[in-house]
Amino acid sequence: MAGKLVPIIPKTTYDFTNIQAGAITAALPIGDPVDTLEYPLVGLIVRVHANNVGGTSYIQVGLYFDGFLDGSSFAYPDKDPWTELQITNGIASPTVLFRYGTIWSQYATVALTSNNSGVGGSIAATISVDLYLRNADP
Amino acid sequence: MAGDVVTVVAPRRYDFSTLTNGKSMVFRLSQRVDARNWVGAALLMRLTELDMGGGNVVIQAQRDGWTTDDPGNDFLTNIPGAAFTLGAEPFTPIFEVIDLGVCLGSYLAFTATASRTSATNNILATLSLEVRFRNNA
Chain A
0 MAGKLVPIIP
10 KTTYDFTNIQ
20 AGAITAALPI
30 GDPVDTLEYP
40 LVGLIVRVHA
50 NNVGGTSYIQ
60 VGLYFDGFLD
70 GSSFAYPDKD
80 PWTELQITNG
90 IASPTVLFRY
100 GTIWSQYATV
110 ALTSNNSGVG
120 GSIAATISVD
130 LYLRNADP
Chain B
0 MAGDVVTVVA
10 PRRYDFSTLT
20 NGKSMVFRLS
30 QRVDARNWVG
40 AALLMRLTEL
50 DMGGGNVVIQ
60 AQRDGWTTDD
70 PGNDFLTNIP
80 GAAFTLGAEP
90 FTPIFEVIDL
100 GVCLGSYLAF
110 TATASRTSAT
120 NNILATLSLE
130 VRFRNNA
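Protein sequence lines, in the order shown, are assigned to chains A and B.
Oh and the first sequence: position 26 is 25 in numbering that gives the first Met the number 0, straight run, nothing missing.
Oh and the second sequence: position 85 is 84 in numbering that gives the first Met the number 0, straight run, nothing missing.
Derived from the structure by calculation, the hints contain no laboratory data.
Please note that a few of the clues may not be correct.
With a Cα cut of at most 30 Å, we get these calculated DSSO-like pairs of lysine-lysine [stated by the list, open to error]:
(1) B:K22 x A:K3
(2) A:K3 x A:K78
(3) A:K10 x A:K78
(4) B:K22 x A:K10
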């Protein structure tokens with residue numbers, strides 16, 4: 000099979016308005032770890048249904064290498080995203096954001112971070128996220 | 000089949016330490032967990048890391064009435080008594096079972112509501128969630 004689409008989250012609202020001014024949140028995972036072993040070419044698809052991110056704050060959707068270990072009770076995400084898409088005040092909605100590349104680990108995971116620039120206003124967005132997986136087989 | 004166990008959240012670390020003191024935030028952990036074939040359920044929660052010096056996190060189960068008639072809207076309501084507060088447990092690992100009752104509806108959803116009650120310290124947990132479905136009350 001040459002490819003498949005993996006839904007990560009359906010249309011969901013995330014609100015980071017109450018994080019501290021000047022702070023960047025830790026990565027908060029959404030959806031399950033996705034096995035990319037047979038499909039190392041991965042596209043991150045983020046649909047922005049509504050955007051209420053004010054000022055210079057942002058919500059970042061990151062794709063992380065994930066060392067998920069079946070049977071372990073601990074999480075092993077990479078500390079930095081492999082790629083990321085930012086939802087800022089300038090992103091009109093509805094729209095779709097897309098990034099594409101090769102995953103090196105077996106599992107990939109999607110996580111959200113947010114930055115509160117401290118100028119006030121809300122930091123919220125309604126998004127849905129998919130991963131598009133494909134391989135190079137004909 | 001008399002029962003089934005469904006993984007809802009794989010082991011994940013949730014760190015809400017950047018929350019403003021006195022404020023809360025709701026974070027959706029999972030939704031549209033199919034409950035249509037079952038009468039009753041219980042939430043199985045495994046905690047392997049817990050650092051709640053700065054506040055607490057409430058894990059809440061909800062009935063999720065998502066419908067193809069209005070797919071763009073959420074239809075969520077809390078299941079009474081189906082909440083667990085992370086904050087007072089003295090050690091990890093911990094295994095908690097929370098009864099979700101019967102008459103579950105079509106789908107289930109789960110949220111984490113983090114609240115900061117102290118100006119300092121962390122609010123974080125590493126947890127996994129499963130639902131144990133059963134076909135009797």
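Tested hints:
1. Pair hint K22 (chain B) plus K3 (chain A) does not hold up; C-alpha atoms about 40 Å apart against a cutoff of 30 Å.
2. Proposed proximity of K3 (chain A) and K78 (chain A) is supported: the alpha carbons are some 27 Å apart, at most 30 Å.
3. Only pairs whose Cα atoms come within 30 Å are accepted, and K10 (chain A) paired with K78 (chain A) is accepted, the gap being roughly 26 Å.
4. The hinted pair formed by K22 (chain B) and K10 (chain A) meets the criterion: a straight-line CA distance of about 25 Å does not exceed 30 Å.
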